[in-house]
Each structure stands twice: as structure tokens, then as C-alpha cells.
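Engineer: Starting from the structure of chain A, add chain B where the hints point.
As given, the protein sequences belong to chains A and B, one line each in that order. For the first sequence, our numbering assigns the number 1075 to the last residue and increments by one with no breaks. For the second sequence, our numbering assigns the number 377 to the last residue and increments by one with no breaks.
Source of the hints: derived by calculation from the structure; they are not laboratory data. Being a predicted model, the structure only gives us computed values, none of them experimental. Do not take every clue at face value.
As the list claims (entries may be wrong) - If the Cβ cut is set under 10 Å, some of the chain B residues that face chain A in the computed set are: (1) M66; (2) V70; (3) Y93; (4) P96; (5) Y100; (6) S103; (7) W120; (8) Y291; (9) G306; (10) C308; (11) V364.
Yeah, the Cβ is synthetic: ideal placement off N, Cα and C, and Gly gets one too.
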Amino acid sequence: MEKSKPQKVLLLGSGGLRIGQAGEFDYSGSQALKALREEGIATVLVNPNIATVQTDDGMADVVYLQPLECERVTEIIAKEQPDGILLGFGGQTALNLGLVLHERGVLKTYNVEVLGTSVETIKLSEDRELFKKALQDIDVHTPRSVSAVTLEQALDASKQIGFPLMLRAGYSLGGLGSGVISSERELRTRVEEVLTISPQVLLEEYLKGWKEIEYEVVRDCAGNSMTVCNMENMDPMGIHTGESIVVAPSQTLNNEEFHRLREIALRIARKTQVVGECNVQFALHPRTGDYRVIEMNARLSRSSALASKATGYPLAFVAAKLALGKTLDSLHNSITGVTSAFFEPALDYIVVKIPRWDMQKMKTADHTIGTEMKSVGEVMAIGRTFPEALQKGVRMLTIGVAGLTQTKYSFVSLEDEIAHATDHRLFALYEYFKRGGSVARAHQLSNIDRWFLEHIADIARVEEQITHGPKTAHALRMAKEYGFADSVIASVWKTSEMAIRSKRKRYCIIPAIHQIDTLAGEFPAKTNYLYCTYHGIAHDIQTSQKKPIVVLGSGPYSIGSSVEFDWCAVNTVRQLRKSGERAVMINSNPETVSTDYDESDRLYFEELNFERVMDILEFEQPKGVVVSVGGQVAQSLSLPLQRQGVMLYGTSAHSIDMAEDREKFSSLLARLGIDQPRWTRIRNIDSALLWADDIGYPVLVRPSYVLSGAAMTVARTPEDLHQAVEYALRVSPDHPIVLTEFILGAKELEIDGVGDHGEVILEAMAEHIENAGVHSGDATIVLPPQRLYMETIRRTKEIARSLCAALSITGPFNIQFIARNNEIKVIECNIRASRSFPFVSKVTGKNFITIAVDTMLGKHSDVHHDTLDLSHVGVKAPLFSYSRLKGADPVANVEMASTGEVACIGDTALDAYFLSWHALEQRVKTRTLVVSVGSDEAKSKLAKTLAVLEQQGWEIHATDGTHTYLTRNGVGCFFVYKMSEVLQPNIQNLIEQKKVGLIINIPTGSGNNTQTDGYLLRRLATDHHVPLITNLQIARLFLKCVIELHGKPLPLRSWQEYMKKFPISNF
Amino acid sequence: MRINTVLKKQKNDVDYQGHPQGDVFFNTAYLRLKSGLVLQGRAPEWQRGISQGEVVFTTGMTGYVETLTDPSYTGQIIVFTYPLVGNYGVPDPRYWESKKIHAAGAVFSHISTIWSHAQGQHSLEEWLKKQHVPFLTHVDTRTLTLHVRKQGCTPGIIDCEGGETHISFDSQDNNPVSQVSVPKKQTAGKGTKKIIAVDCGMKEGIMTELLSFDTTVMRVPHDYDYTRDEYHGIFISNGPGDPQMAQSTITILKKALKQKKPIFGICLGSQLLALAAGAKTYKLPYGHRGHNQPCKNMLDGTCVMTSQNHGYAVDEKTLPKAWRVTYRNLNDMTVEGVAHATRPFFSVQFHPEGRPGPVDSRSLFDDFYSLL
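Excised from the complex, chain A in its bound form (with noise of 0.2 Å):
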């Protein structure tokens, strides 16, 4: 059965983190590396996502930090002459490149096979009338929906479909016209409106409020199938599966209903020939059992990533393997070690997933949530009840939630809040239960299914009955059982979540230890895949012989705390394992590598809290834990867990508390003789004002308590800071506010280091492109620093080392600095793996998470490892989700908002950040560009570039101001009205008529108003996929490389390459 394996592989990555796309396909990446590996085939990959483990030394044979586009990824084939291919390892983006490079028969040319699911049945499964075809085929239904011309045809399909239907119009951006149309009469109406904007309307049957099911199959060359796990939506259809809380396995359904679906699913999995996983989503009618087809994914998903988290089934490394000919029953259950790897997982638990949203800090962005992606990450939590691991999941967020009880909205409506989802419905609907609401009506606004919604109620009703109840140990058991943390009894019995903690502990109710066996306990399992509940009366393994060293994760993705933690974490646990210490790891996020049970010696997927981590800490018994690897939930842990007495390694918990503390670390500062920008701490409106008179305008506001600067703003007037200040006193009333000296026209720098007893043993020292008020994780970062004299280097790093000293450093740290003329000043010192750890290791070729675990283990040789001497430059930038941010203004601001970032290593600065701009996907299709920047030093600063550009033959298009000051300059520029002028030319037709292949637009002010023209040019560029440039010192960048790189070719050098793991090709 098995085919001829192949030499050399390539896998495509999926690029930077955005919505819809997240670290889920660093998993399967790694995990189809590892299978690869396993099988002796040599690994070409291509990401330009620098902060994954895929692209880690010794996980591909080669690596390519470059963009996934067709023509770099030619070259790249061309250059490596790879025998294989694997398309469904890096999610939509690696599956379109492959159609892609298919078409352009580059596959054809280089002799590279399309290794598991074929081209044709990707095709197949993209293209929703094929699709909807070959299913019609198999008597597979799909939704059915009939497109017209004419209200004849209009009303001859609605007899078809049937009342309620969906209504859209053909060919129209962004829905608009369409709707839900319940009557012939309304039919009618409606579609003869549609049909004066559109040429044909699209009419579908409603699917709204059916249960949506999603099955993972695995099938093998030879036709063996299975599934190897089933989901169910607790948000019916309507909501993007993304956006939904999603159980595994199905609750509701009932025998007959699993297998049907079941058994559609193999079905179509055999008629569309997939060789290796697939994901098939139905709809199924609450009532009549009825269901459509809604779509099947061929290649790994977020859904697989979670599918084989929640059963233990190793997904993507089978499907690898399968790929590579291989059949299901000739691999092992690598749980088991004994048993086949064709089998289907058995829970004896349940798997709750809630998606992690981040819309509080897009202030202007739309909170709906519907039929499009906005979540950003997930988490999920396994329990023995629906109740228990709800609330678990509800804590994982990491929102400043201990579960269900602690609502932190406010909400006008709930049945609002009920019917038209948002980010907070769950929280809604609790609050609903609790203040008397009934399942019925909170159904018939949801359409959830009762099951979900009496849960949820029962929760509250348990509320009910610990508030009131005696406060005996029956009733604590019982709130445990229900998922309830210790610090919410506590609340609810006015004491302490100690004094609860002893209490549980002293009645003996402390959670068992369960493992993830995949078999239900069928088999006996060599698992260390683990999990905590209420539900059991013993622990299944035993605390290990050789004391263990603990390693906190990062929790669910968010804006701020992304796959770079994951990667601090992972290569945490890796070297603490090559210094043959055992390693557990902490974790909650399903779609991470640090959660493959085969990254650690014991994984518990669990929550990163107080409680739960002692919980584990007290059964494990370890040497000692990491918190400083897994971003600021880790950290936070800190102090908490060294008052019970846990060894930390690396840095104390006080010098992290003096790091972390503001007052503190102010006077630190101030001690050592280090500058700093001048700050305040206020509580109201008033004394904010006397003191940004006092210093001068601009000031940052940001309420202290937060993560990565939620509700930070630049206040630029007296009224934008009575406005700021009225908001985060709003945000954190509990909290005062800092302000803060907001330094204008300077560089921002930073060191990320690695301190061995306060010295500094290795640094890397980076400088943002952007000039200071940019986030740093918004910001373009360039190593080594290209545009700092001497003498501000060596001044920085001086400051680095005292600071190192001072606050006694073993292990990763981070300094940020912002530098005007040689003056210095320190903005912020954490005491932690930065998410520039990754991007300083592999661009300086030394691990600082590596050196850093051999610092905390104080294994470390006594060497200082340069990092300033580099023959290459790294620049990493920042990927934005805005086009998928409805009414998100798409501006970088204080405020983090981008959601991932790529990085690209080149010759010189330039090729690397022309290399990191093609990696964030973005492209100049026309040498057309739009202008439209606010103030005069930016103006002045572009004109001659723009010169220079019009003379290469660009088309340039002006607003007012900027043409008038252009076309004085000598810059020849065309006249376009603003949006708002409505006269013709206008920058919406020309952008709209897709002519435009580049918009600057450069804000002046804080950039709050969304009713300005330079929001709705920005939003419009966003929705038009237009690249847009926001920042006075990118545009100058960018327009350096498209003059100076034009028609030269871009270096094409491996990472292995750049570090001369193997020597440099003459290519």
C-alpha cells in the first residue's frame, strides 16, 4: 500500500497571527515536522512567523523566513528542489499559495508532488458549487439556495426554499442588502429594491438557530476512515464557530443523530478522496433531525488543532504521516504505545472551548458577534461536568473573571444582550438566570439549546444556595463541584480565599487528578496528559519519584500575549529536559505547541491562577517554578505563589514586584541615577489637568492594572484628557491613573537580555522604526540598530547592567528605553521573557530562553555571548487584523493592537523590511498612490521621495492640504476631493475602482474621531485591502525600498544560511 516516500519536503507555514488564523497552525506545523523527521525525510519550511516553534533550529532541515507568496515560494522551490509538498499544515493561507503555485504549474515544472489531499479535492472543497455538486452526488445535502434575475424567478425560488429565507445580492461587498425575509409580501419589496443596486439576488434557506455540529475525520490512502472527535456549537448557526463556545463531545445529540452525521462525514471524506484530515461542519434541526452540509475544510483547522487537544489524538502528526501513504492501522496510539492509531477516541470528560476576545481595546470597533471571525484566541476547559469546566473556561481568559458570578458589564438590556450576541452574551445570560429569568424565553432570544441554557442557570441557582445556605462543607463540596473558585466563596462568605482554601483542605476536597487516555480509560495508558476535577475521589498517577520543575504558561492568544510566549515556553520546557530535569508544564490554550503532551514530562491543562496552580504545585511537590516565560498571567503569579513559600527560579519575586510596581521602580530609577520620563498618579479629573499644565502637552494617560495598555490613550488638549481620564476612571474605578510625559520626536529602543546574579551575560539590543508613542508590540523593530550613535548604545547598555545589578537579575529580562539627542530614558524593565525573545534569538543566532534556563539552573559557563557583530539585519513587523475589526480605527496609537507579527531576515535593513512587508501579505498591485498626511514636518519629510517616486512613474493623488504643499514643492500631483467633499475626483471612487496601490494617510491628532475624513480614508483603504501606511517614519522607509530595491532581487538565504549552520549558497 505504501507509495515511494519522498526525499525532501516542503511545508508551507501560515505567516503571521491575525483573526482567523492563529498559533493553532504552529501545532500542526510542528507536529507534521516531527512526523517527517521521524520518517527520515528532509524538511524544507517556509514561515515568516519568527516567534513559532516550526521555525525553531532542529525542527525543519531548512528554514525560509520569507513571505509565502507565490514568487518567493518559486525560488525557494527552484533553489531546494524539493520532491513533496504539504498544503495543509499552515491553514488558508498555506492552502491558497498551493492552488496558487498548482495553477502556475511551478509544482508541475519542479517536479514537486502534492503530498495527501490532492489539488482537486482542495479545489472541490473551496469551491462551494463543486462542492455543493459532488455532495448532490453522494445524496448529501447542503443548503439549498437558488439564484434570480427577475422577482418571477425571485418568487419561484422562494417556493422552493420556503419562508423564513435569506436574501442577498449578487456581486455587493460587505452584505449589504441582504437580510432575512419571512413573507411573500415582503419578497416582493425587497427584491425589487436588491434588483435596482444588483443585477441578481442570491436566494438561501435560513439556517439561523439550528444546532451546528462539526466532525474531524481522518481518512488513509487506503479508504480507512474515522472520526476522531465530534463538536457542538452551544451558539446555534448564525454564529461563526470561532465565535462560539463549542463543546466536545456533542451534548444534545442523541445516538442516531451522532452516527448520521457521523457517517455523512466519512462519506463525503471517501467521495472527495481526502488522504490524511478534514473538518465537516453540518447544520441540524433542533426538532426534525434535519440537516445541510455547511462546508468542509481540507487541511488542518483551528477546529482540528482543538479536536486533538480535547481527545489526545495527535491529529496533525497522523494526518502527516498519512500523507506521506501511510495507513491509519500500521501507526501507533501514541498514548497507549500499545493500541491502534485507527481507533476513535472515547472521553470520559468534557471539553468546554471559549473563544477570547479583545474588542475593549478597539474602542470604536463593533462588539456583534455573528457570521465573521473577531475572537483573537481560545481557551479550553476540561472537566466532568458541563458546569465545572465552564466556569473553568470562563477563569482561563484571563478577563479579571473568577467565574460565571463575577459579571464585570454592566448591561442596559439582558433580552437584548440575549438576542443579539456580543462578546459578553454568556455573562448576560448568567446575570439573566440569576435574576430570575426562564430558560424558556432566554431560548427563544438565544435559540441555544435548552441543555446549555439550564446548565448555566443551575449554576446560578447553586450561587443562590451558597449564599444563603449554612456554610458547611456539603455546601463548599458542592460549589466546588459546580466550578466555583475558592476566591468567589470567599466572596460570597465574606472571608478570605485562603481562609477557604484551608477549609477545602481540612474536608478533604481538593481536586483529582485525571488523565487524557483517549480510550476512557479502556487501556492501560502511559499518558501524561492531564487535567483537574472535582469529580473524582482519587488521583490517577502519583507524584513523580524525582521532583519536578514547574513551567507556567501564557493562557489563551490575545492582543498583547501572543504565540511568542508559547515559544518561550516550549523551548523552556526542551532545555530543562537537556539538562535532565523533569519538566511540567501549566497551560490552557489549545492552540499552542507548549499543550503537545510530548513538549513535557507532565502537561496539565489547566488554569493559570492562584489556585489552581498551588492545587498542582502541592500534589507535584517540585523543586521549583517558572514564571518568567510565560508573558504578564505568569508573571502576575509571582508573588502570590513565593508568599506560600514556592521557589521560584530565576529572579525574586521582590525585585520583580520592584520591577513591576510603579512607585517602586520610579524611585529604583531614580536611586541609580537613570532618567525617566516624569509621571503622576492621580484620582480625578482636576488634579490631571494642573498636571499636564504644569509639564506641557502631549501626556499619556493609562489606568494603572492593566494589560498590554487597555484604555491608554495620548492626550494631546485640556479636553482630550478630561475625556481620558473621565474613560479609564469609567474603565478601573478602583484604580488611579497614571500620567505620564509623552515624549515627541523620539527613537524608542529596547534591550531583551538574559542577567546571570545581576550580570548581564547576554543582551540584544533593538531599535523601533516608529518614533516613540507606538506600542511596542505595534511597532516595526529592526536588530541590530541601524541609526543610534555609539555613544547612545553604549550608554543604554550601561543602564541595562546597573538595572540588571540593582534588581538582581537571573534569567530573561526586557528594558525599553526612548532616546532623543543622547538623552536616555527608561520606560519600563520587565523582569520576564519579552515577545521579542524569539525574534532576538534566531536573528542573533543565540537562545536566550535556552541561556536563560541555564542561568535560572545556574548551569551556566561563565561567558559573555556577543550579539552586536551580526553580517545580516532582522526586522520585525507587526500584522494588524483591522479588516476584521469592523469600525476599528486602523491607526497604530499606545494601545496594542495588532494581533501577530512576521519577521524576515536580509543583507541590509532595507531588504529585510522590504522582505517583512511582502511577509505581512500586503501588496502594491497598482503604481498608484493616494496622499493624505495632516501635518507639515511630515509633508516636508515625504516630498522629496514622493519626487523621486513620480519621476519612476507613479501616479500620485493628493488631498487638499497635501497637494497644495506637494504640487509647491515641485512634486507633480493629481487634485482628489476628501470623502466628505462629495465632488468628484474622489478618493473613494479611486480606491473604490481599485486603482489605487498605496495609501499614506498620516493622522495628526489622537485619532479618536471616527467621524474625521482620515478615519473613513483609512477604514476604506482597510475594507479594500488597499495596504495603508499611518506612520510618517514607515512611509519613509517603505518608499526607500520601492525606489531603491525596485526590479533588484531580494536576498533568498535560508536562516541555516544567515547563521552559516551550513555555507552560504551562490545563489
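Structural biologist: The following block gives chain B in isolation, referenced to the frame of chain A:
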């Protein structure tokens, strides 16, 4: 009994009265195993006394209605490894596998008094009450399952008395098949091909499959001698207990084998066919019960996911020369199907009709029909 207990059991845990889930009142009750393990759980107020059975576990995540009404579970206390049972309630008897619950009892981690389904008529708890089937909930079924897996299936008692009185574990009923077989011959369908279906505790799902062809099915008692009847093929059904106890069925089958007409057996039927052919059967330590049992077709190499519920298996070494193994369980390589090399006799240990579980091997019924 030593289990890896770290968490102390609460001997005097307060009854779960006024439990927020629905209005069911639960009392503390125990599951006592012959092996010595005692687990605490909760039983409904109406439940009294003690009930005995062989404690077995099933790993199926759906299909509790089909499982509980499967006559093969006669005399057994079923432990459900999936922790939430009863989520979709209980439909009317049309959807059952027989007219009543055959299991001697059921053990859950969590019986769902919260349920939701359009076909649902009542909750699982109400149904068990109506059928007088004792159950325990709030039992750590994982610990219990791991124990049964290590110790093998063991007699056990659901004890609502609470007293530590001496409990004798009665020996098992000799031939439980006789309890669940039809009392007299019944005929269904009006098709051309006549099938003798030997009812050893046949599931309705199998009847439905057999009747989906152009057939007349004569459902006969386990000890009915059909060898003089007019028929095109024989089907031997699933059923409870040790196959070696069903001597009368085996004796008749031995006669039938000489007639060389097609014979198809499922589950117990498979063991009986093998015994009639001269092979031996043995008891598996803890059986195969679940919907995820992988089997390999030894003739063409294809694999199939199957639903299983059996505690005994055919001993390959004792299989007569003319017979061969057609299916094997990929987990433990035990025999899952046998067939005669030249004659139209074949059987499988698993349930191609599903109900509950996958129906990936349903085409075996086609194979049987095409032989008729």
C-alpha cells in the same frame, strides 16, 4: 482494596438533598464489588435494598437508551465511562432495542436530570424509576473503570441499605439467554427470502436490518429446532452470558451446519457458531464494550470502526481447519469474526447495525442477503 487513593472518602457525607439539579432527591448509597472495592454514590429516594450484577463498563459516549435496552446486558450492572448520561432524555419505545431495560443496574458519574431533545419523552432518571432499574450516580466512574480493567469484570452490588451486612455474591445465572429469547416463533415481513433468526436476546436494530431486504424473518426461540423448517438462511443473534451455557442452541446449530445453507452470526451468535463448528471460547478479562473498537478485515486488509458489547471471545487456536479468522481487533488482536473457507457460514463479534455506535460495517447484512 488498594486504589491509588489520595483523596479521603467522606463516610458521612450529607445527603444531597435539595440538589440544584431538578427535583430529584438522592440518598447516599454504595457500590460493593466482590473484589473488595466499595465506592460511594447517590441513589434516588425510591430505590431500596440491594441489587446484584456483573459490573462491566462501556465507553460509548452516546446511546444509553440503546445500551440499557440491549438484552445482551442482562444480569450486568453497566458503568458508563462518559460522565454525563441522560442529556437527551429518553424517547418512546420505538427507538429502544427491546421492550424494556435489561441491565441489572447502571452506574453514572452524573445522571443528567437536565435533558433536552425533541424526541425525548422523559428524563433518564424517570425512565429508570418506571422500569425499576436501580442506579447510582455521583460515583467516580473513572476510578471504578480503572479498577475493573485491572481486576476484570467482577460481581457487584448496588447497596441502598447502607449497612455493612454480609453480602453473598450469588453465582451467575446459568443461561440468561433463556430469559430474553422470544417464547415462541414469530414471523415478520413478507419477502421472498426466508430467514430463521435465532433469538438469543436479539436487538431490534438487527431485526430492522434483516427486514430491510426482500425477506421474511422467522424469529425463533433459542432452543427451537428449525432444521426441518423451510428457510434460505439462518441468523444467530446477540445475547447475554457465557456462550458455552447455550447448549441447546449450539446443538441445533451443529445440525444446521450440515445443511450448508448460509449462516450469519453477530456477537453471541458469532461465539455460538464457532462453538458449533468445534472451536472454544474464553472469557475476556474485561470485555469489549464501546463504539470505537477498531477491527481489521484479515481478508482484504481494510479497517472498520465497530460497536461492540461482548465479554467472551473465540479462541483462535481451537478453530477447525476449514475455518479462518476474518476480523481481528486492532487493539488486542483478538478474534472479531470467523468464516468457513468454502461454505457460506460467517459471523462477527461486533454489531454492524450500530444502535448504539457506528454503522460502518452495515454492508455485512448485504453480504448475508446476497448469499441467500
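Engineer: Starting from the hint list further up, note which numbers the structure goes against and sort them upward.
Structural biologist: 6
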